[in-house]
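> Residue numbers (this note's numbering), protein chains in the order written: chain A, 16 to 724; chain B, 41 to 175.
Zero decoy hints are in this set.
Label-pair distances were calculated between CB atoms; the ranges are:
{"hint": "1", "chain 1": "B", "residue 1": "P102", "chain 2": "A", "residue 2": "F646", "range": "15 to 23 Å"}
{"hint": "2", "chain 1": "A", "residue 1": "E645", "chain 2": "B", "residue 2": "Q53", "range": "51 to 59 Å"}
{"hint": "3", "chain 1": "A", "residue 1": "E645", "chain 2": "B", "residue 2": "G171", "range": "27 to 35 Å"}
{"hint": "4", "chain 1": "A", "residue 1": "I118", "chain 2": "B", "residue 2": "Q53", "range": "47 to 55 Å"}
{"hint": "5", "chain 1": "B", "residue 1": "Q53", "chain 2": "A", "residue 2": "V322", "range": "17 to 25 Å"}
{"hint": "6", "chain 1": "A", "residue 1": "H89", "chain 2": "B", "residue 2": "A61", "range": "48 to 56 Å"}
So these bits of chain B aren't anywhere near chain A, every CB distance computed over 12 Å:
{"hint": "7", "residue": "I85"}
{"hint": "8", "residue": "S87"}
{"hint": "9", "residue": "K92"}
{"hint": "10", "residue": "K96"}
{"hint": "11", "residue": "P97"}
Hints listed in this document are in silico derivations from the structure and should not be mistaken for laboratory results. All values reported here derive from a predicted model rather than from experimental measurement. C-beta: ideal position from N, C-alpha, C; glycine also.
Single-letter residue listing:
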Amino acid sequence: MAASFLSYLPASQMSHEKKSTLLTLMILTIAAILSFLIRLFSVLRFESVIHEFDPYFNYRTTRFLVDNGYYDFHNWFDDRAWYPLGRIIGGTIYPGLMITSTILYNLLHSLNITIDIRNVCVFLAPLFSSLTSIVTYHLTKELWSTGAGLVAASLIAIVPGYISRSVAGSYDNEGIAIFCMLLTYTLWIKAVKRGSVAWATACAVAYFYMVSSWGGYVFLINLIPMHVFALIVTGRFNVKVYVSYCTVYCLGTVMSMQIPFVGFQPIQSSEHMAAFGVFGLCQIVGFYQYAASKLSKEELNLLSRFVISATVVVSLVVAMALQLSGKIAPWTGRFYSLLDPSYAKNNIPIIASVSEHQPTAWSSFYFDLQLLVFMFPVGLYHCFANLTTENIFIILYGVTSIYFAGVMVRLMLVLAPVMCILASIGLNKTMTSFMKNLESTNKETPQPKKRADNSYSVKNEVAMAVVAMITLFLTTYVFHCTWVTSEAYSSPSIVLAARGGSDGSRMIFDDFREAYYWMRQNTEEDAKIMSWWDYGYQITAMANRTILVDNNTWNNTHISRVGQAMSSTEDKAYEIMQELDVDYVLVIFGGMVGYSSDDINKFLWMVRIGGSTDRGTHIHEKDYYTPSGEFRVDREGSPTLLNCLMYKLCYYKFGNVYTDANKPMGYDRVRNVEIGNKDFELDVLEEAYTTQHWLVRIYKVKPMSNRGI
Amino acid sequence: PHLKLKKPSWVKQPSSMTMFAMVLLSYFLVTGGIIYDVIVEPPSIGSTTDEKGNSKPVAFMPYRVNGQYIMEGLASSFLFSLGGLGFIILDRTNVPVMPKLNRVLFFCVGFAAIIISFFMCRVFMRMKLPGYLQA
Numbered sequence: 016m017a018a019s020f021l022s023y024l025p026a027s028q029m030s031h032e033k034k035s036t037l038l039t040l041m042i043l044t045i046a047a048i049l050s051f052l053i054r055l056f057s058v059l060r061f062e063s064v065i066h067e068f069d070p071y072f073n074y075r076t077t078r079f080l081v082d083n084g085y086y087d088f089h090n091w092f093d094d095r096a097w098y099p100l101g102r103i104i105g106g107t108i109y110p111g112l113m114i115t116s117t118i119l120y121n122l123l124h125s126l127n128i129t130i131d132i133r134n135v136c137v138f139l140a141p142l143f144s145s146l147t148s149i150v151t152y153h154l155t156k157e158l159w160s161t162g163a164g165l166v167a168a169s170l171i172a173i174v175p176g177y178i179s180r181s182v183a184g185s186y187d188n189e190g191i192a193i194f195c196m197l198l199t200y201t202l203w204i205k206a207v208k209r210g211s212v213a214w215a216t217a218c219a220v221a222y223f224y225m226v227s228s229w230g231g232y233v234f235l236i237n238l239i240p241m242h243v244f245a246l247i248v249t250g251r252f253n254v255k256v257y258v259s260y261c262t263v264y265c266l267g268t269v270m271s272m273q274i275p276f277v278g279f280q281p282i283q284s285s286e287h288m289a290a291f292g293v294f295g296l297c298q299i300v301g302f303y304q305y306a307a308s309k310l311s312k313e314e315l316n317l318l319s320r321f322v323i324s325a326t327v328v329v330s331l332v333v334a335m336a337l338q339l340s341g342k343i344a345p346w347t348g349r350f351y352s353l354l355d356p357s358y359a360k361n362n363i364p365i366i367a368s369v370s371e372h373q374p375t376a377w378s379s380f381y382f383d384l385q386l387l388v389f390m391f392p393v394g395l396y397h398c399f400a401n402l403t404t405e406n407i408f409i410i411l412y413g414v415t416s417i418y419f420a421g422v423m424v425r426l427m428l429v430l431a432p433v434m435c436i437l438a439s440i441g442l443n444k445t446m447t448s449f450m451k452n453l454e455s456t457n458k459e460t461p462q463p464k465k466r467a468d469n470s471y472s473v474k475n476e477v478a479m480a481v482v483a484m485i486t487l488f489l490t491t492y493v494f495h496c497t498w499v500t501s502e503a504y505s506s507p508s509i510v511l512a513a514r515g516g517s518d519g520s521r522m523i524f525d526d527f528r529e530a531y532y533w534m535r536q537n538t539e540e541d542a543k544i545m546s547w548w549d550y551g552y553q554i555t556a557m558a559n560r561t562i563l564v565d566n567n568t569w570n571n572t573h574i575s576r577v578g579q580a581m582s583s584t585e586d587k588a589y590e591i592m593q594e595l596d597v598d599y600v601l602v603i604f605g606g607m608v609g610y611s612s613d614d615i616n617k618f619l620w621m622v623r624i625g626g627s628t629d630r631g632t633h634i635h636e637k638d639y640y641t642p643s644g645e646f647r648v649d650r651e652g653s654p655t656l657l658n659c660l661m662y663k664l665c666y667y668k669f670g671n672v673y674t675d676a677n678k679p680m681g682y683d684r685v686r687n688v689e690i691g692n693k694d695f696e697l698d699v700l701e702e703a704y705t706t707q708h709w710l711v712r713i714y715k716v717k718p719m720s721n722r723g724i
Numbered sequence: 041p042h043l044k045l046k047k048p049s050w051v052k053q054p055s056s057m058t059m060f061a062m063v064l065l066s067y068f069l070v071t072g073g074i075i076y077d078v079i080v081e082p083p084s085i086g087s088t089t090d091e092k093g094n095s096k097p098v099a100f101m102p103y104r105v106n107g108q109y110i111m112e113g114l115a116s117s118f119l120f121s122l123g124g125l126g127f128i129i130l131d132r133t134n135v136p137v138m139p140k141l142n143r144v145l146f147f148c149v150g151f152a153a154i155i156i157s158f159f160m161c162r163v164f165m166r167m168k169l170p171g172y173l174q175a
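Produce the complete structure using the sequences and hints provided.
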């Protein structure tokens, strides 16, 4: 009956090839649409708004580019951030994201589809995730087979590890960087398999796009040489690899140096030296293989010994000279902490304080990847069992990214695509080998001759059980991914929501935007705002005022000065504020509503960073703890803490409010204690604005008194 | 110069399966959060005090997706590797000629490994995040 129904559909009249093309196209289209739709939770629940902190900077620069054109953007010196230092934006960003948005915006406007730039920015990441799905299909098709490609495209459409940095509204570099990275890898594999200069040039152009979009391009420029080195070591080096690598390295490096931020780093910094070393090694091995085909054995031995020893001596001398004379810079802090994870914790507190830079626990792996953590070793096993030139690449990518994801939670993003690819290889191999065992129910095809193995009698049942189990696992994967995206990764951070009030209805806390717009409309044009660096980008983008420090964190001393001001008493802080021309101070306080990412919880980092430079040596972290070593804000708290500027600004007049009917006045709902120092007045500041739920508090700095008393 | 350098005879290229075993071992260690353990130095098992003042052990650090105790990390990564090995064992059952007992054993071990590890991990996650898959 089913067969007669199917015969009415046009599909059954087509040839096998057409059916498979139709199926491929349908699956890819569904995966692309799905990856776009699953990222829209926060747009549907709140509105189309830019999330978090870093995207606000990207949004501001994109607006500037759209309004002023490329030349002004390239030469932009921003005097409204890092007062009094300013920031050379044109030379210190990766422009790929902004340029992509602007091109898209101009294209749409030229067709008279006038979408606002904010909406282009919000929806850019989901759009590129659809493209990533399609590129993953191509990459896996090159590595293994079409079936695995389709599975990989479907897996990567909804994997939470990638969704976390590419939801609608998360307008950040990683949204397009993953697409560029996978595109570069696809073109590299195509080039290595075919050995053609055309594909290698395309790979170099994709690499240029990758360099323009994210600082993580360093991973690519080390992985591709590592792949070539592995091929040399396992004896698979041939002309095709030689042609591909030389083209990619030369063209890619020259093109990458066109980005102002990258500049001359590819030939000067240690992070790029591996690529250069492998380039040299390539030449030697290529020459050796060429000579081996032309010369006789003894001549070859003599020549090779001479050349190798000469090269080794010369390169050692040159490398030592360059290192000692300081021309080759050592590994920078952020990348060095990947090799030695304890480096950041001991030496650079700013890198250590960012929560995304913490090492990864097992639950992050399971939370972000679920089924894929089980299938990853399976895919690796199948790649090891059938070693080819391409499989070695994906093995290296998998092993290195597992290690890096273990060091830093943020790099789970780089792990997610390779997990999808290897898991799809594992799933595909398992499914195809067991599907073959399923007895065919279609009586038209002749039965294959019986295998002379009568010990395998339950073949059909076992195969059905395996297929059913894998289908069940994939279904639970879908439910897991949707739940995780909906609950954990769809919060805009600039608008908070909670269930509360007498009827349990949803309450929205829009305090941040309320405060920034108050500042935009009620302060002077050239007012300078002091706040902790987390909020810098949002203040410049929404309030349009000058700030002292922002999320770029390029100047540790300046941030440390702000940290000293926040940790000192009012009069000491006043000196610092006069030195830096501060007009307003902004703090975030969550004690009224129970928002736990407020400045009091971040305060210890301010103390650590403030005490880490030489003008802050009078600040010691242990002064802010009780004698028993606890961080408390109630009566038992340390007097240094109870009198410092941050404490006073957060808890000013808080001692007169009730947060809960059963608790005393001044009960902090985040620390769950009644505050210690309630009744105080501010000498040098006055309260300018506090938002509806006391989340953002703005204070105006009083000018120095006229008579100098 | 005439250098008589010879590679020592016991140094030879490891087979691909040896490499795979090493990679699997490193996968076990990394997904167990060994780097987290070295940097943050959590205790091996957590403890709370209940109403009477006795201290009870706590296996899973609750409510935080990116925090763990050492034991829970290693137990979970053991389950991850076990699940992977289960699929590999299952793949080995498709070899054409094999004694019946071996084939049955492979099936049982493979299925058991996969099912146990998958569902145990779900249970672990629910213990860690009480609202997992429910909100």
